[in-house]
Amino acid sequence: MHFTLNLLVALLGVGTTASATCFTTSGPASFKACCPTPQSSGKGTISGVVFKYTCGQFFNGGESTISASSVKECAEECQKAPHCNSASWSAKQKCSLLGEKYPAPMKLGSWLTLQKTTEEPDPEQDCKELVDAAKREAESKCTTEKDQLQREGETQCRTEKDIALANADAQCQRDKDTTLTNVNAQCQKDKDAALANANSQCAAEKDKLRADADTNAQKAQSQCTTEKDQLRQQADSARTQCQSEKDAALTNANSQCAVEKDQLRQQADTARTQCQSEKDAALTNSNSQCTAEKDQLRQQLADTARQRDTERDGLQKQLKDAQDKAGAGGGTGGFTDSASAQDGACINNSWSSLCSGGCGHDTFTVGGVEFKRKCNVSTGGGREEQWLHRSSVMDCVRECAGIKACLGVGWIALQGVNGHCHAHMTVSGSLRTAPSRGHPLHEHHLIYAPSRANVW
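Numbering follows the numbering used here, with no gaps: position 212 of the sequence shown is 1628.
Because the hints were derived from the structure by calculation, they are not lab data. Certain hints may be false.
Keeping only pairs whose Cα atoms sit at most 27 Å apart, straight-line, the calculated DSSO-like set for lysine-lysine is [what the hints assert, rightly or not]:
(1) LYS1644 <-> LYS1551
(2) LYS1624 <-> LYS1635
(3) LYS1488 <-> LYS1510
(4) LYS1532 <-> LYS1510
(5) LYS1562 <-> LYS1577
(6) LYS1448 <-> LYS1468
(7) LYS1577 <-> LYS1607
Just the calculated beta-carbon pair ranges, DEER-fashion [unchecked claim]:
(8) GLU1540 <-> ASP1645: 19 to 25 Å
(9) LYS1551 <-> ILE1579: 39 to 45 Å
(10) GLN1723 <-> ALA1687: 48 to 54 Å
(11) GLY1464 <-> ASP1663: 16 to 22 Å
(12) GLN1639 <-> THR1575: 22 to 28 Å
(13) ALA1612 <-> SER1638: 35 to 41 Å
(14) SER1526 <-> THR1560: 31 to 37 Å
(15) ASP1678 <-> PRO1851: 57 to 63 Å
(16) PRO1519 <-> THR1560: 44 to 50 Å
Fair warning: this is a prediction, and the values are worked out from it, not measured in the lab. Positions of the beta carbon are idealized from the N, C-alpha and C atoms, including for glycine.
Kindly produce the complete structure, drawing on both the sequences and the hints.
Next up, the structure:
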């Protein structure tokens, strides 16, 4: 549609108003086309992007300055630049490009500013501006041509009259000179006849020129009216076609959008259904595996407890037999263990019970050495030895009491299955502890001899 209207304008030699010609005029003249007054402003479309221009302004701090012969060329350079959002152009054909952010404009009469907008191009408005401009220019041209034709007719008439008169006078003078010697009367008669003929011919020629001028003016007026009617019809057709194309494009876009939204909703529903199925399956598998592992662990603990009770009973019997043979009331090397060290709540299943809350004692005397309990701590600072196959924590403590370099004993409930304890041998006479928090079967505990170790 734009091509058709531009072609019509070019064929008719019709100019456009400032708002329409700002982006179509080449060279320095485009500044006057855009800015007929210092406060002029308007809009134009370049490659589908609507630019707003404002006269008498300049954006300071441009990122780059290039040569551009017209406002259109400057706008095209900004459109092609990846980060250009605005520009300034001067009548001296300078184009200053700016990025996405720009400062407030400065007033400068020889410049104008360009700013990209998010507006959609308005083909109907462009058509209307071009058609209105074409109509005004055609009317002006028609009036100018009629006035010029009338002036040319009058000038030609006067010229021809002057020439006719001059010729008549010259002829008359020649006739007079020729016949003067013959007859003055004949000369006068000839002069009168010649002048009458000249006047008659001049009048006829003037009448003919007036008739020709009127005919030409009528033809020009008729041609002008015909061309204006054709322009109006073509403009109406262009607007109708443009509206039809816009309506069809809008209908297609809405239809396509509705289809794509339905597809996206179906995909989202399918994805949610699949996700829920996968989560349910994963949860079911996880619960089944967790239940199986817990059952297996309970079975292992039960087997361990039975084995531990069997070994404990055997060890207690051996201990009693040894005490009976020693003739003492229990103990090691002639020392009697404290009541707390013989409390069943502490020594039965001591791997767990000693720090599980069932044992109400913190101090134990074993083999003549006082030990203190410190639960839920990990221990460092000594040389650690791994003791295996002990019957209980107290068995490890009793063995530590007999070794002067032993500062204390650490253990983990889960490792009691193998009778495993950690003997902390002296390095500097001190032990370091740190809080230990986790599953009860994995907690670290300590029982130490205060007389041998500083614990902190």
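The hints, checked one at a time:
{"no.": "1", "hint": "LYS1644 <-> LYS1551", "in the structure": "holds, 7 Å"}
{"no.": "2", "hint": "LYS1624 <-> LYS1635", "in the structure": "holds, 16 Å"}
{"no.": "3", "hint": "LYS1488 <-> LYS1510", "in the structure": "holds, 12 Å"}
{"no.": "4", "hint": "LYS1532 <-> LYS1510", "in the structure": "holds, 18 Å"}
{"no.": "5", "hint": "LYS1562 <-> LYS1577", "in the structure": "holds, 23 Å"}
{"no.": "6", "hint": "LYS1448 <-> LYS1468", "in the structure": "holds, 16 Å"}
{"no.": "7", "hint": "LYS1577 <-> LYS1607", "in the structure": "holds, 18 Å"}
{"no.": "8", "hint": "GLU1540 <-> ASP1645: 19 to 25 Å", "in the structure": "holds, 21 Å"}
{"no.": "9", "hint": "LYS1551 <-> ILE1579: 39 to 45 Å", "in the structure": "holds, 42 Å"}
{"no.": "10", "hint": "GLN1723 <-> ALA1687: 48 to 54 Å", "in the structure": "holds, 53 Å"}
{"no.": "11", "hint": "GLY1464 <-> ASP1663: 16 to 22 Å", "in the structure": "holds, 19 Å"}
{"no.": "12", "hint": "GLN1639 <-> THR1575: 22 to 28 Å", "in the structure": "holds, 27 Å"}
{"no.": "13", "hint": "ALA1612 <-> SER1638: 35 to 41 Å", "in the structure": "holds, 39 Å"}
{"no.": "14", "hint": "SER1526 <-> THR1560: 31 to 37 Å", "in the structure": "holds, 32 Å"}
{"no.": "15", "hint": "ASP1678 <-> PRO1851: 57 to 63 Å", "in the structure": "holds, 59 Å"}
{"no.": "16", "hint": "PRO1519 <-> THR1560: 44 to 50 Å", "in the structure": "holds, 47 Å"}
Of the hints listed earlier, there is not a single one the structure fails to meet.
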